[in-house]
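Generate coordinates for the entire structure from the input sequences, incorporating the hints supplied.
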Amino acid sequence: MQFDLLLQQLIQLDPTPFVLAIVLGGAIGLEREAHGRPAGLRTHIIVCLAATMLIHASRSMPPNAEGLVDRMVYDPNRLGAGVVTGIGFLGAAAVIRSGDLVRGITTGACVWSVAVLGVVIGQGRYGLAIAATAAMLLVLVAFDRLFSWFTPVIYRRVVVRGPGPGLGSIRDDVSALLREFGIRVQDLSGQVSSNPGPFEVVFHVRCRNRIQAADVLERLSALETVNSVEWKQPLH
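Each residue of the sequence shown is one higher than the last, beginning at 863 in the working numbering.
Just so you know, the hints here were simulated from the structure itself, not pulled from any lab data.
In this text, a Cβ means the ideal position worked out from N, Cα and C, and glycines have one as well.
A portion of the hints provided could be inaccurate.
Listed next, the in silico EDC-like pairs over lysine to aspartate or glutamate satisfying Cα-Cα at most 20 Å (straight line) [what the hints assert, rightly or not]:
#, residue 1, residue 2
1, 1094, 1049
2, 1094, 1062
3, 1094, 1080
4, 1094, 1077
Computed spacing ranges between beta-carbons, pair by pair [unchecked claim]:
#, residue 1, residue 2, range
5, 1034, 965, 32 to 42 Å
6, 1048, 915, 48 to 58 Å
7, 1075, 878, 46 to 56 Å
8, 897, 1043, 47 to 57 Å
Written as structure tokens, this is what we have:
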């Protein structure tokens, strides 16, 4: 008897929202997979499919014999808000930070977005889901190529070490050389062990990402009274 009921439910089940969730969530996930992101094709499909299943089930659930208690517990609006809020942990897990380099923010936003897609598909708004997917793919693909033309501003630390006297002249020489490369010095810090003695001067700089660290280091290391030079990411 239960098997017959289950078979009847499977026959009556509309596969459209689930197929659409796989296709649309997979389209976003495939783009992320192509960029080598940790949350890729399978993750995006599962998130979209799960959100679709939850909202679709809540909308198709009939009221029980005692009233609308079940419908209140499985309110699609409340469930949708819970899905969108709760999926944030997956997005946070995709974000990786190394120094001033942060990766995964776009992937986290994509995971959150496919959860919203699942909610929209579960509500039966198929046209809106397709249009939103097309818009997201446009942003991910076309805008990625557009921003490759720009050179963003980066912040670095140039650490210069020397053996003894001449701290003032080194500061001026290094500052002048950095200006030749279009690098702006924002601040200075450092330490001296004794007078005269070994010194370390840290130039906190701002420049465009087109600057090649190897060229800057080669010119700086050629200066007299300079023992070593380092190009580092800023401290946070």
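Structure-based check of each hint:
no., hint, verdict
1, 1094 <-> 1049, "holds, 15 Å"
2, 1094 <-> 1062, "holds, 14 Å"
3, 1094 <-> 1080, "holds, 15 Å"
4, 1094 <-> 1077, "holds, 14 Å"
5, 1034 <-> 965: 32 to 42 Å, "holds, 38 Å"
6, 1048 <-> 915: 48 to 58 Å, "holds, 52 Å"
7, 1075 <-> 878: 46 to 56 Å, "holds, 54 Å"
8, 897 <-> 1043: 47 to 57 Å, "violated, 31 Å"
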